[in-house]
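> Residue strings, one per chain:
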Amino acid sequence: MKLLFSRDVWSEIFASIGKNKLRTAITIVGVLWGVFIYIGLSGAAKGMDNGFERAFENVAMNSLFAWAQSTSMPHAGFKTGRPLRLKMEDATTLTNRIPEIQYVAPRNAKGVFDGSGGAQVVRGQKTGNYTIYGDFPVFTKIATKKIYDGGRFINDSDIENNRKVCVIGERTQRELFDEDEEAVGGYIRIDDIYFQVIGVHKFVPGGGFESDSDVFIPFSTYRKLYNTGQNVDWFSIAAYDDADVVAVEEEIKAVLKSVHKVHPDDERAFGTFNLGEIFNRITGFAKGINFLSLVVGIACILAGVIGIGNILLISVKERTKELGVRRALGATPSEVRGQILMEAVTLTILAGIMGIILGAFTLWIIDKQTAGSDFPYTNPTVPIPYLVGAFLIMIILGTLIGLIPAQRAVSIKPIDALREE
Amino acid sequence: MIEIKDLHKSYIMGSNSLHVLKGIDFNVEEGELVAIMGSSGSGKSTLLNILGMLDVADEGSYTLDSVPIKNLNEKKAAQYRNKFLGFIFQSFNLINYKTAMENVALPLYYQGVSRKERQEKALKYLGQVGLAEWATHLPSELSGGQKQRVAIARAMASEPKVLLADEPTGALDSTTSYEVMELIQKINDEGNTILVVTHEEDIAKMCKRIVHLKDGIIEKDEKIEQVRASEYV
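Those sequence lines, one after another, are chains A and B.
FYI, this note's numbering numbers position 252 of the first sequence as 864, with every residue one higher than the one before it.
FYI, this note's numbering numbers position 129 of the second sequence as 130, with every residue one higher than the one before it.
Quick caveat, the hints were computed from the structure, so don't treat them as lab data.
Just so you know, not all the hints are guaranteed correct.
Facing chain B, a subset of chain A residues (Cβ under 10 Å, in silico) [what the hints assert, rightly or not]:
1. Ser628
2. Lys631
3. Asn632
4. Thr636
5. Ile638
6. Glu793
7. Thr944
8. Glu947
9. Gly950
Even for Gly, the Cβ is constructed at its ideal location relative to N, Cα and C.
Can you make the complete structure from the sequences, with help from the hints?
And the structure:
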């Protein structure tokens, strides 16, 4: 420990490092480059990870959709080709039977899968055809809906009272209202029924079939308006964060099949779309890139550190006589070894710090260049544990590599070292 | 100060064994200035290396200032060298990227002397060899004689019991050689014990005692009338 905090030791180290500046610089470049690549790659991987996360931030990462089709196998006395409808009570059955499910949002829609082209919406002289969704408030737990100031999404009270209220899209607002008109509080006619606008939602592109003109009304109101009874077009389902969405998907299908008396092997009766699985693939890809960048980065650091070891070996060879003189003057073998080791570690760390600075600077430049573009790349930071890890790796590798020239330095007897010309 | 009894040393070279020192008995009192003379191969350098704890004897005993020197590991040897001995080499062996003062201070660094004290002592000994104003110069900026004087200051800096000089004038012209010898005599006058290995007759005559080595044994050991180097300068 005394070795680490003595000014004399450091001045000895810097004197010998500074003795051959060109060689030191070239050595440093090796590790610097390794650390730079490590920082650049892991920062870029992190940036991409963040970018994906931003692109899908408005949808629950582990959500899936389930809808009914028609049977393809005869079962329990029913013949094949029987059309199926999801029912309201299925939602309760699913949540009760599958503990991994966090939320189930039954949804109905006019203008998505029914080929109707949506409902005609009228306000004064202005009209338009828009998709109408019947929704529960819980839907916002699965897919976030951003509502402009002054508005709100459908709430439980709207459902209970079958209120004729609606949340409209940005485009709907643009097409039905004048620019300086306040939409919230205004009335529009959906299929000849008056609805009060309670909010305008901000459309976030993120895949799926939703658009900036969608109109959301309470599920109960939708049921009355279109006479859908207990029918549900599809369920939006969110599993808990730690659940295996693929397994949950299978369970949902199995439960639905048993409830609707469908043959257990009938694959066509219910359709599902597993957003969670897609996310898992994307995050898996990002993780793979992350891992790759770690491996490549560490390999680069290793190559650089080996370079330092090489240079120090040559340096020790060149300094054989000097080290012999030092030992004749009373330097113990451990002092000589310590000095060479410290030189190795100091070079490594100096190079590492420069590499980190350079890498951070490059990441910053890339971030500035890609800001505002569609490229999935946000906030490319290198996590602190990675930095600490890189430093530990450098110190450990530097020490290990330094051991070779350090051992070489003391393996020659002082008398032989002095004879060296 | 130095007591050597029946010292033997052989070098193994391949299948041959080369018997270099064949039983040396030899004492040095405090304050002596001894020249060890002999042709090359006589064993004088080997003897000096053993005295300097850079090499170990196969047989025999070596006592330095009442401390028996035996079974030394590298660390102990380094500490004894630092404490007891000062080395002066033929090729000066200054560290080329350190200034004269830093070179002189180096043994003190390994003694663990504080930085400030080191610098004071280094300047003091540089002053004694007449190079105080050259303290901040690198060895490459010094002449041969100056380098050897820096080396002598370095050997003196740790205040050793014995100074060991291996051909101290071997790389110098005769005028400079006499200057260096004058300095060595001056240091000896102050009571320091000095051993000088040389093959030059005139240098040996400037010591107080000459030990002639031949083929690994002491051929002649004589006290002489010292020639003062100042007569030549």
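> Of all the hints given earlier, name the ones this structure violates by number, lowest first.
4, 5, 6 and 9
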